[in-house]
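Participant: Residue numbers (the working numbering), protein chains in the order written: chain L, 1 to 398; chain U, 1 to 398; chain E, 1 to 398.
Heads up, some of the hints might be wrong.
If chains are identical, the list can't say which one is meant, so a pair holds when it fits in one copy or spans any two.
To be verified - With a straight-line cut-off of 30 Å between C-alpha atoms, the simulated DSS-like cross-links for lysine-lysine are:
id : residue 1 : residue 2
1  : Lys-130   : Lys-288
2  : Lys-337   : Lys-174
3  : Lys-174   : Lys-327
4  : Lys-130   : Lys-381
5  : Lys-381   : Lys-174
6  : Lys-240   : Lys-321
7  : Lys-89    : Lys-327
8  : Lys-174   : Lys-333
9  : Lys-381   : Lys-89
10 : Lys-174   : Lys-282
11 : Lys-284   : Lys-174
12 : Lys-321   : Lys-294
13 : Lys-245   : Lys-130
14 : Lys-269   : Lys-174
15 : Lys-130   : Lys-240
16 : Lys-89    : Lys-245
17 : Lys-294   : Lys-174
18 : Lys-89    : Lys-321
It should be emphasised that the hints constitute simulated quantities derived from the structure, not laboratory data.
The lines below spell out each chain.
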Amino acid sequence: MAASSSLFSSSMHMEMFAPKTSKCPQNFVCCHSKISYIEPNYLKPVCCPNSRSLSMNMSSKWEQTDRRDALHCRALKIEPAPSFSVGQKFQFDDIIEAQQFDRDILSAIFEVARNMENVEKDSPGSQILKGFLMATLFYEPSTRTRLSFESAMRRLGGEVLTTENAREFSSAAKGETLEDTIRTIEGYSDIIVMRHFESGAARRAAAIADIPIINAGDGPGQHPTQALLDVYTIQREIGKIDDIKVGLVGDLANGRTVRSLAYLLAKFKDVKIYFVSPDVVKMKDDIKDYLTSKGVEWEECADLVEVASECDVVYQTRIQKERFGEKIDLYEKARGKYIVNQGILNVMQRHAVVMHPLPRLDEITLEVDADPRAAYFRQAKYGLYIRMALLKLLLVGW
Amino acid sequence: MAASSSLFSSSMHMEMFAPKTSKCPQNFVCCHSKISYIEPNYLKPVCCPNSRSLSMNMSSKWEQTDRRDALHCRALKIEPAPSFSVGQKFQFDDIIEAQQFDRDILSAIFEVARNMENVEKDSPGSQILKGFLMATLFYEPSTRTRLSFESAMRRLGGEVLTTENAREFSSAAKGETLEDTIRTIEGYSDIIVMRHFESGAARRAAAIADIPIINAGDGPGQHPTQALLDVYTIQREIGKIDDIKVGLVGDLANGRTVRSLAYLLAKFKDVKIYFVSPDVVKMKDDIKDYLTSKGVEWEECADLVEVASECDVVYQTRIQKERFGEKIDLYEKARGKYIVNQGILNVMQRHAVVMHPLPRLDEITLEVDADPRAAYFRQAKYGLYIRMALLKLLLVGW
Amino acid sequence: MAASSSLFSSSMHMEMFAPKTSKCPQNFVCCHSKISYIEPNYLKPVCCPNSRSLSMNMSSKWEQTDRRDALHCRALKIEPAPSFSVGQKFQFDDIIEAQQFDRDILSAIFEVARNMENVEKDSPGSQILKGFLMATLFYEPSTRTRLSFESAMRRLGGEVLTTENAREFSSAAKGETLEDTIRTIEGYSDIIVMRHFESGAARRAAAIADIPIINAGDGPGQHPTQALLDVYTIQREIGKIDDIKVGLVGDLANGRTVRSLAYLLAKFKDVKIYFVSPDVVKMKDDIKDYLTSKGVEWEECADLVEVASECDVVYQTRIQKERFGEKIDLYEKARGKYIVNQGILNVMQRHAVVMHPLPRLDEITLEVDADPRAAYFRQAKYGLYIRMALLKLLLVGW
Numbered sequence: 001m002a003a004s005s006s007l008f009s010s011s012m013h014m015e016m017f018a019p020k021t022s023k024c025p026q027n028f029v030c031c032h033s034k035i036s037y038i039e040p041n042y043l044k045p046v047c048c049p050n051s052r053s054l055s056m057n058m059s060s061k062w063e064q065t066d067r068r069d070a071l072h073c074r075a076l077k078i079e080p081a082p083s084f085s086v087g088q089k090f091q092f093d094d095i096i097e098a099q100q101f102d103r104d105i106l107s108a109i110f111e112v113a114r115n116m117e118n119v120e121k122d123s124p125g126s127q128i129l130k131g132f133l134m135a136t137l138f139y140e141p142s143t144r145t146r147l148s149f150e151s152a153m154r155r156l157g158g159e160v161l162t163t164e165n166a167r168e169f170s171s172a173a174k175g176e177t178l179e180d181t182i183r184t185i186e187g188y189s190d191i192i193v194m195r196h197f198e199s200g201a202a203r204r205a206a207a208i209a210d211i212p213i214i215n216a217g218d219g220p221g222q223h224p225t226q227a228l229l230d231v232y233t234i235q236r237e238i239g240k241i242d243d244i245k246v247g248l249v250g251d252l253a254n255g256r257t258v259r260s261l262a263y264l265l266a267k268f269k270d271v272k273i274y275f276v277s278p279d280v281v282k283m284k285d286d287i288k289d290y291l292t293s294k295g296v297e298w299e300e301c302a303d304l305v306e307v308a309s310e311c312d313v314v315y316q317t318r319i320q321k322e323r324f325g326e327k328i329d330l331y332e333k334a335r336g337k338y339i340v341n342q343g344i345l346n347v348m349q350r351h352a353v354v355m356h357p358l359p360r361l362d363e364i365t366l367e368v369d370a371d372p373r374a375a376y377f378r379q380a381k382y383g384l385y386i387r388m389a390l391l392k393l394l395l396v397g398w
Numbered sequence: 001m002a003a004s005s006s007l008f009s010s011s012m013h014m015e016m017f018a019p020k021t022s023k024c025p026q027n028f029v030c031c032h033s034k035i036s037y038i039e040p041n042y043l044k045p046v047c048c049p050n051s052r053s054l055s056m057n058m059s060s061k062w063e064q065t066d067r068r069d070a071l072h073c074r075a076l077k078i079e080p081a082p083s084f085s086v087g088q089k090f091q092f093d094d095i096i097e098a099q100q101f102d103r104d105i106l107s108a109i110f111e112v113a114r115n116m117e118n119v120e121k122d123s124p125g126s127q128i129l130k131g132f133l134m135a136t137l138f139y140e141p142s143t144r145t146r147l148s149f150e151s152a153m154r155r156l157g158g159e160v161l162t163t164e165n166a167r168e169f170s171s172a173a174k175g176e177t178l179e180d181t182i183r184t185i186e187g188y189s190d191i192i193v194m195r196h197f198e199s200g201a202a203r204r205a206a207a208i209a210d211i212p213i214i215n216a217g218d219g220p221g222q223h224p225t226q227a228l229l230d231v232y233t234i235q236r237e238i239g240k241i242d243d244i245k246v247g248l249v250g251d252l253a254n255g256r257t258v259r260s261l262a263y264l265l266a267k268f269k270d271v272k273i274y275f276v277s278p279d280v281v282k283m284k285d286d287i288k289d290y291l292t293s294k295g296v297e298w299e300e301c302a303d304l305v306e307v308a309s310e311c312d313v314v315y316q317t318r319i320q321k322e323r324f325g326e327k328i329d330l331y332e333k334a335r336g337k338y339i340v341n342q343g344i345l346n347v348m349q350r351h352a353v354v355m356h357p358l359p360r361l362d363e364i365t366l367e368v369d370a371d372p373r374a375a376y377f378r379q380a381k382y383g384l385y386i387r388m389a390l391l392k393l394l395l396v397g398w
Numbered sequence: 001m002a003a004s005s006s007l008f009s010s011s012m013h014m015e016m017f018a019p020k021t022s023k024c025p026q027n028f029v030c031c032h033s034k035i036s037y038i039e040p041n042y043l044k045p046v047c048c049p050n051s052r053s054l055s056m057n058m059s060s061k062w063e064q065t066d067r068r069d070a071l072h073c074r075a076l077k078i079e080p081a082p083s084f085s086v087g088q089k090f091q092f093d094d095i096i097e098a099q100q101f102d103r104d105i106l107s108a109i110f111e112v113a114r115n116m117e118n119v120e121k122d123s124p125g126s127q128i129l130k131g132f133l134m135a136t137l138f139y140e141p142s143t144r145t146r147l148s149f150e151s152a153m154r155r156l157g158g159e160v161l162t163t164e165n166a167r168e169f170s171s172a173a174k175g176e177t178l179e180d181t182i183r184t185i186e187g188y189s190d191i192i193v194m195r196h197f198e199s200g201a202a203r204r205a206a207a208i209a210d211i212p213i214i215n216a217g218d219g220p221g222q223h224p225t226q227a228l229l230d231v232y233t234i235q236r237e238i239g240k241i242d243d244i245k246v247g248l249v250g251d252l253a254n255g256r257t258v259r260s261l262a263y264l265l266a267k268f269k270d271v272k273i274y275f276v277s278p279d280v281v282k283m284k285d286d287i288k289d290y291l292t293s294k295g296v297e298w299e300e301c302a303d304l305v306e307v308a309s310e311c312d313v314v315y316q317t318r319i320q321k322e323r324f325g326e327k328i329d330l331y332e333k334a335r336g337k338y339i340v341n342q343g344i345l346n347v348m349q350r351h352a353v354v355m356h357p358l359p360r361l362d363e364i365t366l367e368v369d370a371d372p373r374a375a376y377f378r379q380a381k382y383g384l385y386i387r388m389a390l391l392k393l394l395l396v397g398w
């Protein structure tokens with residue numbers, strides 16, 4: 001289920017995200033803190049999304065009662081392995097767009113992500129999604145995002161069904177609708193992470209699916225997990241999100257990343273945003289108007305050095321060549337205008353950081369990499385923790 | 001090993017499917033019903049395909065006796081986790097074509113599939129293929145079929161090596177024969193699920209392989225797991241396969257699905273088949289002759305409404321554009337002729353169902369989806385259970 | 001980290017392969033032979049590559065102490081499952097080129113590979129890489145090599161993130177450098193197996209990565225695991241590597257396989273090498289000079305029958321059509337010149353073997369396959385064990 005329709009629809013109410021009823025018809029009150037281990041019926045799900053048992057790694061002995069079919073077994077003894085009780089149901093059934101999160105939910109998700117940073121191999125947390133199956137349905141290849149989600153799922157003990165290039169290789173090529181594809185794939189998996197070339201595709205998928213959908217980017221539309229990891233990176237690197245100054249640099253017209261980030265930053269207090277971009281790719285008015293309406297201070301500025309010296313975060317982005325079509329000269333001009341290099345580092349404050357959604361070309365020079373304030377590879381890693389958190393929350397709740 | 005050669009060769013004898021001798025030279029009598037848990041030698045396979053132990057999840061303590069190589073260990077204590085005894089060997093080494101199954105085997109497989117519907121996460125059944133490795137070797141992309149098999153394998157605890165597009169990406173491009181590829185891949189896995197663009201490819205693979213081969217579609221040839229899931233769907237939805245009326249609708253000339261289904265239905269009693277199709281894609285004589293020879297009643301009929309009102313199953317198929325080449329006008333004409341819509345639902349009996357192998361275009365209108373008699377997405381799900389059953393049977397027997 | 005630069009740089013010193021410091025800052029002395037099982041802090045890594053705990057399959061009960069986040073748990077009781085103590089650190093951080101191995105290391109690796117041949121499903125060895133995640137980053141498709149590595153990882157309990165065609169599908173297409181890609185992917189995995197179209201790519205990756213890199217072929221450069229499996233095959237099939245005669249046949253100019261093999265054979269005693277090839281693809285002088293400098297006897301010979309009757313190993317290779325460009329006539333002439341067929345088998349000694357790196361076309365006729373001396377499919381399987389050994393050594397040491 002997904003609600004709301006545009007980036008600037010009025011803020012969303014949680015009640016709009018009712019549980020997918022087909023998944024869990026029971027009342028979500030139970031959330032037992034302990035499972036009675038000897039009860040043979042522990043295998044029945046007591047309360048869970050997808051009606052699958054959450055008790056984990058039960059080890060028991062079995063006696064075969066039916067010679068024909070080894071599946072007819074009877075539990076003799078039960079020795080439970082680590083088991084996580086189910087927490088409260090997550091407020092959302094799907095992750096569709098950045099604006100579905102309010103400040104409180106963001107903080108709570110970040111707390112879970114923070115814990116994910118400590119999930120070691122063989123630690124109990126590393127098995128909380130054991131038995132769950134995630135399908136990555138990528139209609140548009142994106143190795144980085146796909147591997148990040150697949151790594152997240154595996155780090156929590158879950159399994160993955162992968163599709164590197166569904167557009168070319170699937171029945172989409174035969175004219176099947178996205179809705180039909182989703183109805184089929186949901187029969188094979190417990191959660192679908194999808195990337196699509198059309199804006200709104202994730203919402204359409206969520207509307208039809210009985211299992212959770214995570215939008216891993218839908219064309220020029222949304223890429224909510226990127227937005228969350230950006231804010232999480234600020235939290236982790238700067239220690240706070242209120243009362244900060246953020247410079248958004250580069251392609252502000254086409255970058256969905258900076259647009260989502262600006263939107264999310266508006267949920268925090270005393271944030272000041274600087275826009276630094278070549279004229280051809282300036283931040284559009286809708287975001288500026290939105291920030292103004294929310295009382296967020298913002299400013300366009302042509303001087304990256306000045307902005308960098310002021311800011312806690314310099315968020316650089318790639319000028320997207322593919323948006324310029326045949327106007328290569330315009331692209332080349334825009335591309336070289338704002339570069340983060342040693343000179344920029346020299347004026348930045350000690351605690352400040354450089355971020356970038358990656359891939360980068362030369363808008364951040366290689367000399368910057370060695371500086372501890374270069375946060376962009378750490379940022380990619382934070383993305384792993386955010387995705388671990390979201391997978392956990394959607395599949396087994398808080 | 002694979003036997004028989006054409007769709008209409010005389011019915012197959014089980015003895016033709018001798019065990020792949022290289023896999024299990026021992027006599028297949030043993031099939032112990034209990035494993036003595038404390039015996040240290042339980043780790044040796046007593047009787048199994050592929051000579052790999054089927055005892056599962058043994059947890060024990062190990063003492064290192066060789067500092068150089070941690071693999072030299074000695075068992076100190078053994079605490080067995082759930083363990084399935086090995087049942088009788090499955091009659092077949094490979095799944096090559098629909099006609100290898102007789103009525104009794106079908107019933108027995110369906111019983112296993114029915115049990116697979118109850119395999120929950122963390123239930124004992126969910127680990128019966130633990131440690132087994134399935135390679136999906138797809139020379140022709142088919143996301144739906146591939147994910148269905150991979151999901152089936154993972155739902156039973158097995159692992160997957162995947163190839164989304166082997167034709168383009170493998171040494172086939174360098175001129176390697178299928179036989180050589182199979183000999184290499186069989187060294188890396190325990191079972192191969194293959195899709196190929198050439199009729200007979202699966203049989204060639206099975207002839208050379210020492211591990212089981214499942215044909216997931218070989219060009220215009222066979223797609224036996226689809227045929228099985230179709231019959232299983234009828235069993236599950238109608239409750240019986242004897243004494244039913246089935247309308248096969250759409251592209252009956254090119255659809256291997258309907259051809260295989262007609263063949264399998266002939267194994268049951270008092271089945272009546274209606275063929276409803278545009279003239280250009282009529283059911284071919286070979287199937288009609290076969291049905292006649294088996295005493296199966298069949299009829300060609302131009303009126304879908306009349307057929308739908310009579311039938312237990314309306315099996316709709318897609319008119320395959322790719323078969324019409326440049327004759328687009330013929331295609332368009334054929335395509336619009338028989339549509340399952342609300343009007344058809346209105347005349348169908350209450351217990352009847354609409355089936356479709358998917359993907360569908362507009363030969364079933366979207367309004368039908370909401371009707372409980374729309375069985376096509378359930379049908380896709382039944383495919384998962386059939387594949388789970390077949391993987392289980394081929395790898396660990398009944 | 002990788003050292004040395006060319007195939008003929010002077011032999012490498014182990015000290016050059018210092019541990020990747022960021023992976024394991026502690027001294028590598030510890031290597032506890034026993035883990036005290038009841039200690040709650042056993043979950044912290046005591047000593048391991050990648051700072052991840054190597055104790056495996058710990059089963060324990062957990063009590064939830066924080067209702068909000070199920071990750072805050074307290075261990076109540078601990079029942080350890082099979083656990084391998086960590087051995088000595090492997091001498092290398094990465095596998096970049098064949099010449100990084102000396103004779104002693106080769107022997108030791110082969111011993112590990114030999115043990116890998118006995119890793120059965122559910123044997124303790126089958127879980128030594130549990131919780132480790134390998135990313136296969138293939139910029140150039142190679143189904144055979146990729147599946148071999150992925151099978152190796154899974155046979156040891158590890159998990160895989162796979163990329164079938166990273167060149168086309170990744171941000172490399174957007175202009176990202178290999179170094180940036182590696183820095184991102186290393187955040188998602190514990191080891192990277194990469195195949196690249198550029199010579200030296202693996203070394204560049206290793207220079208930047210904090211996790212181990214295995215070179216699975218970099219363009220015309222190196223393919224060290226193939227070189228190792230070739231030598232291992234000789235060891236396993238002939239029983240020794242000293243004092244043998246090896247005929248290298250076919251495309252000696254372009255085959256990196258035969259070049260690496262010649263190089264590695266020079267590390268052993270009393271080896272005699274015969275070069276048998278069409279004039280257009282003769283072995284280049286650099287290798288001949290190298291062999292001479294090492295005192296290895298070699299000879300060019302135009303008569304395959306004579307060589308075959310002398311040799312312990314006839315190593316046939318494919319004439320690579322793609323190297324001939326438009327000179328198809330030259331290719332056809334070269335291709336037909338030296339064929340291993342029944343006639344060759346007839347003169348070969350009983351204990352001798354035919355090897356081939358695969359894929360083969362018709363340079364070995366099909367009649368040879370049935371002869372026990374046809375070792376090429378076994379050779380592919382030995383590759384699995386070599387890769388299991390290397391993954392084990394790089395991730396958990398000796």
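Participant: For this structure, which hints from the list above don't hold up?
Facilitator: Violated hints (numbers, rising): 1, 6, 7, 12, 13, 14, 15, 16, 17, 18; every other hint is consistent with the structure.
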